[in-house]
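A.B. asks: What follows is each chain in one-letter form.
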Amino acid sequence: MPKIELHDVSVSYVVGDFSTVGLKDVVIAKLQGKHIAKEFVAVKNVSFELEEGELLGIIGANGAGKSTLLKVISGIMRPTTGQMAVRGNIASLLELGTGFDGDLTVKENTFLRGAMLGYTREFMNQTYKSIIQFAELEEFEDRLFSHLSSGMKSRLAFSIACLVKPDILILDEVLSVGDGAFRKKSEEKMLEIIRGGATTLLVSHSLEQIRRMATKVLWLDRGNQVAFGETKEICDRYQDFLNGK
Amino acid sequence: MIESIKHFGLLLKKHQFLFEELVKRDFKKKYKRTILGMLWSLLSPMMQLLVMSIVFTNFFGRDKPHYTIYLFAGNLTYSFFRDSTYGGMNSLMANAGIITKINLPKYMFLLSKNVASLINFGLTLIIFLVFVAVDGVAFHFRMLLLLYPILWMIVFNIGCGFILSALFVLFKDVQYLYDIFTLMLMYLSAIFYYTADYPEHVQKLFYLNPLYVYITYIRAIVIDGYIPGLPTHFLCAFYALAALGVGALIYKKYNYKFLYYM
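Listed in order, the protein sequences are those of chains A and B. Reminder that position 183 of the first sequence reads as 183 in the working numbering, one-by-one numbering, no gaps. Quick note, the working numbering runs 1000 ahead of the 1-based positions in the second sequence.
These are computed hints drawn from the structure, not numbers from a lab. It is possible that part of the hints are untrue.
[Unchecked claim] Once the Cα atoms are required to be at most 27 Å apart in a straight line, the calculated DSSO-like pairs of lysine-lysine come out as:
(1) B/K1028 x A/K107
(2) A/K107 x B/K1253
(3) B/K1172 x B/K1029
(4) A/K30 x B/K1032
(5) A/K30 x B/K1252
(6) A/K3 x B/K1029
[Said to hold, decoys possible] Not everything, but these chain A residues come out facing chain B in the computed CB check (under 8 Å):
(7) T20
(8) G75
(9) V86
(10) D103
(11) C235
Backbone N, C-alpha and C fix where the C-beta goes; we use that ideal spot for every residue, glycine too.
The following block holds chain A by itself, in its conformation from the complex (with noise of 0.2 Å):
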């Protein structure tokens, strides 16, 4: 059975400068019939199947609603119409470092984040040391988050993360983080991961990284799914369309 399965998947949301609109607002456009929100349509009709162990690179310029579909398969974000299937436990990498609270320790950070990824308290306790030490933060365990560099940052986000053994992996840009030496050891990382059979879909705005490791490629375009299928196949086809612009 496929692990992840989508058929005719669109997702459209509201958008609109919500940051302002406020009640009185709403009410006065209502009174005027104008519309505040607009409804968007960020991804169109995609369809698309993987197996087990399968790797999918999803490739687009940006807005082409790469980051919509891998919230649509997390789970954070539902599809507006269409079918879709995802079998087994995900792990996502979704802007990493996005979430933190600055006024709590390295430490306490580390363990909340954990909660919200669903591990519970004794494994996080076992684990804990191993994920400070994969984040190279042991001298800072007991610093404030917000001291941290956006390096360690991520480091840490990306230790926590990928300290998981998941069905799925989600990753968003985010294979290798940090500086030289952390960026092979996290992307190696990963690449045990996906060795371990964990189906992980990819989105990278780097083809040769695409070309390198993706067992399938979707291209997307405004949302729509321009195509899908071998690796080689259409990252050439992509090649081509980049050049020809």
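Following the hints, complete the assembly by docking chain B onto the known chain A.
C.D. replies: Positioned in the frame of chain A, the structure of chain B alone reads:
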């Protein structure tokens, strides 16, 4: 109903670790690791009480017994509501960075915030009971019934928190409107005056205000030493369940839509 409570219990168990960590986080952030932080949250209701009793005792409390306790009971309830719902209102937006990245039950953030307010309330309640003892009110077993309005107040605050947090995600001016609302609510909750001075039909209108119902229950038990009638018991439960029901419905409907507005 029982099924859904069971289901909820299972969910809580599944997310127990997360819940504990969130409570720890909220608690630590609230008190910012300082002794004074904790002390301050107790000092602030004390100062309010002091000012109120200085100002109002001459107007309203001249010939009334235990006026300080009367004030305190009102202020205690109102502060709990205010503290809890303000925290609740912010709970979704303050965690937007997490909610938009990780798929988690969103009510966890609200519940953990409420635990912090509840601890605060508990501490103030202890001081309240000290005041009661000092003021010469006799303790009796009926006072255990204080648990009844308090339990419903917790539910009511959570329900209001649900509603407010959802509104705050959708409309960013809700926090200013809520400032005005809580101010009006304070004046309408008979915290420092007596409703007995109003005509009978106006007195009844006060019962439309849930806070007034909870305050009245507490005062009846503590100051007058009698157990309120069944209608008051019913109202305590009704307001709490109504708020919780509406809040839960909104969360259910908007669970996957909050994201767009964050």
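A.B. asks: Please go over all the hints and tell whether each is borne out by the structure.
C.D. replies: Here is what the structure says about each hint:
For the hint pairing B/K1028 with A/K107, the CA-to-CA distance comes to about 14 Å; that is within 27 Å, so the pair holds. The suggested pairing of A/K107 with B/K1253 is violated, with an alpha-carbon distance near 36 Å, which exceeds 27 Å. Between B/K1172 and B/K1029 the CA atoms are separated by roughly 23 Å; this keeps the pair inside 27 Å, and the hint holds. Our distance criterion of 27 Å between C-alpha atoms is broken by A/K30 and B/K1032, whose separation comes to about 43 Å.
A distance of roughly 25 Å separates the Cα atoms of A/K30 and B/K1252; the hinted pair therefore holds under the 27 Å criterion. Among the hinted pairs, A/K3 with B/K1029 is inconsistent with the structure: their alpha-carbon atoms are about 41 Å apart, more than 27 Å. Checking A/T20 against chain B: minimum C-beta separation of about 6 Å stays under 8 Å; hint holds. This hint holds: A/G75 has a C-beta 4 Å from the nearest C-beta of chain B, less than the 8 Å allowed.
With 8 Å as the threshold, the beta carbon of A/V86 stays out of range of chain B, its nearest partner Cβ sitting at about 11 Å, so the hint is violated. Hint status for A/D103: holds, given a least beta-carbon distance of 5 Å to chain B, under 8 Å. The closest approach between the C-beta of A/C235 and any C-beta of chain B is roughly 29 Å, which is over the 8 Å cut-off, so the hint fails.
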